[in-house]
Amino acid sequence: MSEAAALPRRAWLWVTAAYLFQSIPAAVRDEALPIALKNTGYADKDITQAVATLGLIFGFKILLAPLVAAFRPRAFILFAELAISVLLGGLALQVAADHPSSPAIIGCLVLLSFIAAAHDFALDGYFVSALDDRTRATHAGLLNFASKLGMVLAGPGLIWLAGRIMDHGPQSADAWSWALIAAALLALLATSANALGLRGESEQAADGRTIADRFREMRQGLLSLSVDPRLFAVLGLILFYRASEIHMARILPLFATSTNPGGLSLGNETYAVMRIATAVFGLALGGILGSQVVARLGLGRSLLPLGIAMHAPLAAIAWLAADGSHDLTVIGTVFFIEYLAYGAGMCALLLAMMKLASGPGAAIRYAALSTFALLANYLPGLWAGSLSDRLGYAHYFLFALSLAIPGILSAWFAKRHFQEA
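So the number in my numbering is just where the residue sits in the sequence shown, counting from 1, plus 6.
Heads up, some of the hints might be wrong.
[To be verified] List of simulated lysine to aspartate or glutamate pairs, EDC-like, C-alpha gap at most 16 Å: (1) K44 <-> E275; (2) K44 <-> D395; (3) K51 <-> D395; (4) K361 <-> D234.
It should be emphasised that the hints constitute simulated quantities derived from the structure, not laboratory data. Treat the numbers as computed from the prediction; the structure is a model and nothing was measured.
All chains, please: the whole structure from these sequences, using the hints.
Written as structure tokens, this is what we have:
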């Protein structure tokens, strides 16, 4: 009897652990790094450009596909997670060094991005190929919740921890070093839980073909994707469905902690605690609601209402920036609604991408789609900081809200391609 048959299946465990882990490097880059740079006096435009540049490295993961396929998926996923945990520890040591080396720190961040990209390809491909349509739909809300929970723990969580440490006297470099050690320990814990969950899954063999053969397969997978009649509908969703949310997310941490006119002037700890509390409950409820809406209405009929819901919180964010006199309860309520709507809306987008990717060459097809998603997620960072400096926070968020128009149109166009889902 095989190991997979002898052990109980724990898909819920490995989906939770693996996708929580997947979000840790992204959280360090997307939320913790911007606040750390903001604390040391960098301008918004420089911060968003640095984060966007590091994030765009993930776009190379489609080119890593033929190389990653040479390894058994389960073993590669766990090895990559261990390597990322070690890199986080190494980054912590570099930050706290008496004479920190900027090239070494940048090198750690770049290498972290490359390994994380390979890990993401292997994990996403395994999720798509190891689970059937029904099981993927059942676990989509859990996947989204775990991803965002990891973003909260390794983003606002590290910000809170660094702030608490600085309250007791250590300099910012030492504080952030200890925060990165905490991130490395969280990564190791998630890796252990993932290993336990994957023990109940069937092992997929490594691809024994040559690299040239695998590149040919990648080309065939991309060609099959390019002629799929649903492709342009899904690309429209990837580019526009969450455009408002993406532009808001690039600036929200800087807006919340900024003492400039229009900023909320929240301290690091206050901001972190508020984001943690609102995200955990908001994403949990949002993921559940999104899954239930898709289960009841079907994917096609869910895209439009969930898309409208995902864009709506931008009006409240713009109101916060324009008024500037709201108390923490009001700010926390707005943050909660934003997470709730995002968690629900992302269920529909992820399922649309997975539905298009499923079938022969699923891993390659999904990697291509997720590459477009990464570009859509990080490219706005190249101009978001400069634009918010010119417009001011309130007008910038209104601009982001205007992107709801193409987002809703993309949902309307795409829904007819998924009526059967």
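So, going through the hints one by one against the coordinates:
no. : hint          : in the structure
1   : K44 <-> E275  : holds, 14 Å
2   : K44 <-> D395  : holds, 14 Å
3   : K51 <-> D395  : holds, 8 Å
4   : K361 <-> D234 : holds, 12 Å
This entry satisfies every hint, going by the numbered hints stated previously.
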